Structure formats: C-alpha cells, structure tokens
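Chemist: Once you've looked at the hints, dock chain B against the given chain A.
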Amino acid sequence: MAANVVTLTTANFDETIRSSNTPVLVDFWAEWCGPCKQIDPVIREIATEKAGALTVAKLNVDDHGDIAMRFNVMSIPTMIVFKNGAEVQRLVGARGKAALLADLAGHLA
Amino acid sequence: MATHPHRKVIIIGSGPAGLTAAVYAARASLAPLVIEGEPSSTSDQPGGQLMLTTEVENFPGFPEGVQGPELMQRMRDQAARFGAEFLTEKATKIDFSGRPHRVWVRDDEYSADAVIVSTGARSLMLGLPNETALIGHGVSTCATCDGFFFRGQEIAVVGGGDSAIEEASFLTKFATKVTLIHRRDKFRASKIMQERAFNNPKISVRWNSQVTKLNGDKKLESIEVTDTVTGAKETVAISGLFVAIGHRPNTDLFGGVLDMDETGYLVTQPGSSRTNVPGVFACGDVQDHTYRQAITAAGSGCMAAIDAERWLEHQHATASK
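For the protein sequence lines, the chains are A and B, in the order given.
The numbering used here puts the first residue of the first sequence at 1, with every later residue one more than the last.
The numbering used here puts the first residue of the second sequence at 1, with every later residue one more than the last.
The shape of chain A in the complex, shown without the other chains (with noise of 0.2 angstroms):
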C-alpha cells in the first residue's frame, strides 16, 4: 500500500507537482516530530481511498530543508495541496482522518 505514497526529493519535487493530472496533497515532516508520525497513518489510508483523485506525497524536512525553506514552512505537519503546481490550500497541525478529509473536500470533487 506504501507504493501508493510518493516520496518527493529536491530533485523530483517540481516535476511531481507540475505534471500529477490529480491535486497533490504533500505532507511536511520529520523522524523527531510525534504529531508528523501520528498523521502517517491516516495520510496513507486517504492515499489508498483517494487514488485516481489525490496525489499523496511526503518531503522529509531534515533532507529536503531548501523545499520546506522554498514554501515557507515553519511547523510540523504542514499539509499543502498543489493544483498544476501551484499552492491551493494549506493545513498546519496534524488532524484526524474526519477532519482532514473535510479539510480537502473541495479538491476530491
């Protein structure tokens, strides 16, 4: 089910957001983060239940810093959602699977 989660890096990141046919959902985080690991879980099951209509991908921010640098990130989790590459939403703080799917409603039409 993992293969369903796109591992972004500085050097696949633009592509993978510029080229998905779907919104890309792309999850910030990192190892030493608690609410980062407790969010895992339900990021891949919407992976799973949202393919075909939502790209689902992570940045580890300790590897790919200059990406969450690049976006303005300052706390983990951030979810931002990208549409044709650009920014279309963004969500700080983690949140339960309910809330998160409320949260993207608009881009799962």
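Any given hint could turn out to be false.
[Said to hold, decoys possible] Pairs of lysine-lysine residues, derived as BS3-like cross-links and limited to a Cα-Cα distance of at most 30 angstroms, are as follows: (1) A:K97 x B:K233; (2) A:K58 x B:K173; (3) B:K219 x B:K173; (4) A:K58 x B:K219; (5) B:K93 x B:K177; (6) A:K37 x A:K97; (7) B:K93 x A:K37; (8) B:K173 x A:K97; (9) A:K97 x A:K50; (10) B:K218 x A:K37.
Honestly, the hints are just simulated from the structure, not real lab data.
For clarity, every value in this text was computed on a predicted model and none was experimentally measured.
Modeler: Positioned in the frame of chain A, the structure of chain B alone reads:
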C-alpha cells in the same frame, strides 16, 4: 449511525493514565476499548502530553532516559498485547445517567458497564487576538515539532514551569538566543530545571513580564512585552514564540455530569479513582493539578483499573444473589 457490542470497560484517553489502566484492565481479561483520541498538534492527542516532549529523564526504569513518543508507543503496545482495543477517534458525547454507560464517537454509540476517564489536560494559549492565525507562522505550542525551523534565530518562550524551561533548553539547540518570559519574579519549575536554565548561556530570563501583543501579518515579526510591575511596554523583535504557560483539564465532555472543582478538574473520592457516578472512574491529569507527572498518571491509571475491576465484581456478585 451504528451501535457497537456492549463491553465491560471503556477507557477515554490514552496518555500514561489511560494506557496503564488499559494494561491492567486487559490483563484482568476485561477487554477494554480505548477511545484514544485523534491526531492533533496540541497535547490533546493519542499518547497525550508526552507526545510533544523529547527526552523523559525521570520515568523509573529508564536510566538513559527515553523519548516521550517512544514511551507512549511502548505503553500502547503493552496494552494491545493483552487484548486492549483502540479506536483512534475522539469521544464526542457521553450519557452516564443510566445503565449501561454510553459513549459516542460522532454518531456511533458504544456502551460499557464501567468507564475510565483519562482525558488529560491541554496547553493553555495566551488568548491574544491573532494568536491562532500565527500558529505555524512563528507562534508554536510544540518546541519539538517546530524548533528546527528557528535555526540561527532569536526566539522566546512564555512560561515559568518545568515544561517552559524544558522547551527553552531544547530550543537552544537551534536558536542563537532564547528569552524566557515569565510574569512573576521566580519560576515555579523544579530546582534542577531552573539550574539548567540559569546555566545555559543562550537562555536569558525576563521576569515580571507578560506578552501583550503579537505583531506580524503573514508571520510573527515582534511581540509587545509589558512589565507587570511598572506597566512599561517594549516591542521585541523575534521570529518565534513558544507558549508553555500551563494546562487546562479536558473535561468539557463531562459538564453537569461529573463533579469538578472550580478550575474544571474532576473530583475523585479520596484515596480512590471513583467519581460521583457509580461505575465511572477518573485518573491522570484530568483529576490531578498537584503532581501532573507521567508516573503519577500511570499510578492513578492502575488505581482506576483495579477500582473498576472490583466494582464490576461487586456488581456481578450483587446481581447474581
């Protein structure tokens, strides 16, 4: 809308109190359901307040220390090993007026003979107008989550207890300077934590000071600090403000049902975990504003499970007479 099979025990909350209660109840073959809460970036989340800490140095049995989230994961695994079930959702409504006791998660109804309440406490915020809008943009309640983004910057921590000093010490790994802002002229933190703050060259303390304004549109640029003695105001340029000013018990769910003190903490009968409602027990920070430690929470969780087990036995014995 769904109604789930009746159970002997439901535990609401999953910090050290709830998970210890779960270990004991599960080992007593009571197959508890733990409604553990849902992910959040505040201390109100599965695993509780320790999920937002780093090193825990005072939990007995860990001479090298243990990471807060790891300790909680191990407690959860231990409860699961003996058959505790987990629901990663938040309880939204309760009805303790009849038998059985009922707990809802949105439209789903769960019932149990006994309920253990271990919903803990959450961080207080400053209550300033644009505070919520600036969370994630310079204002933070989680040093371990956000400290990394303040590398090489000057930041401040508000508060004077152990958690404020722990956060300040942790943040010196990243920031060039950390100012502790405290409204009194001495800390309420423990001696060892105070010494840690005073001995850290990167930490300075502003006594008798209160943060009265947050300035910044898209992100925090400065704060206004008011001297609580003279009333003098000063604007201080900082990019990060970490709030650690104390806690408030998570008891909104139980208003009008469970007895509380004037600050909202649940009241238990002395020497026990019993609340005013038979079959409802409380443990951990939700009923403790005195000690508020992981180990005392765990101890009271054990009490709650034993109290619940004995109460269930008594009910059973009375019913079969």
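Chemist: Taking only the CA atoms, is the gap from A:K58 to B:K219 under or equal to 30 angstroms?
Modeler: Cα-Cα ~24 angstroms, so holds.
Chemist: Does B:K173 sit within 30 angstroms of B:K219, going by the straight-line distance between their CA atoms?
Modeler: Judged against 30 angstroms, a Cα distance of about 22 angstroms means the pair holds.
Chemist: Below or equal to 30 angstroms on CA atoms is what counts here, so check A:K37 against A:K97.
Modeler: 14 angstroms, holds
Chemist: Measure nothing beyond the straight line between the CA atoms of A:K97 and A:K50; if it is 30 angstroms or shorter, mark the hint as holding.
Modeler: Given that 30 angstroms is the threshold and the Cα spacing comes to 13 angstroms, the pair holds.
Chemist: Hey, B:K173 versus A:K97, does the alpha-carbon distance stay inside 30 angstroms?
Modeler: 33 angstroms, violated
Chemist: Holds or violated: B:K218 and A:K37, Cα atoms, limit 30 angstroms.
Modeler: 27 angstroms, holds
Chemist: Checking one constraint from the list: CA of B:K93 to CA of A:K37, max 30 angstroms. Satisfied?
Modeler: Between B:K93 and A:K37 the Cα gap is close to 27 angstroms, so the pair holds against 30 angstroms.
Chemist: Has the given pair, B:K93 with B:K177, been kept, meaning a C-alpha gap of at most 30 angstroms?
Modeler: Cα-Cα ~45 angstroms, so violated.
Chemist: Do the alpha carbons of A:K58 and B:K173 lie within 30 angstroms of each other, as the hint requires?
Modeler: Answer holds: A:K58 to B:K173 is near 26 angstroms, not above 30 angstroms.
Chemist: Can the restraint linking A:K97 and B:K233 be considered satisfied, given a maximum Cα separation of 30 angstroms?
Modeler: 44 angstroms, violated
Checked against the numbered hints given earlier, this structure breaks hints 1, 5, 8; the rest are met.
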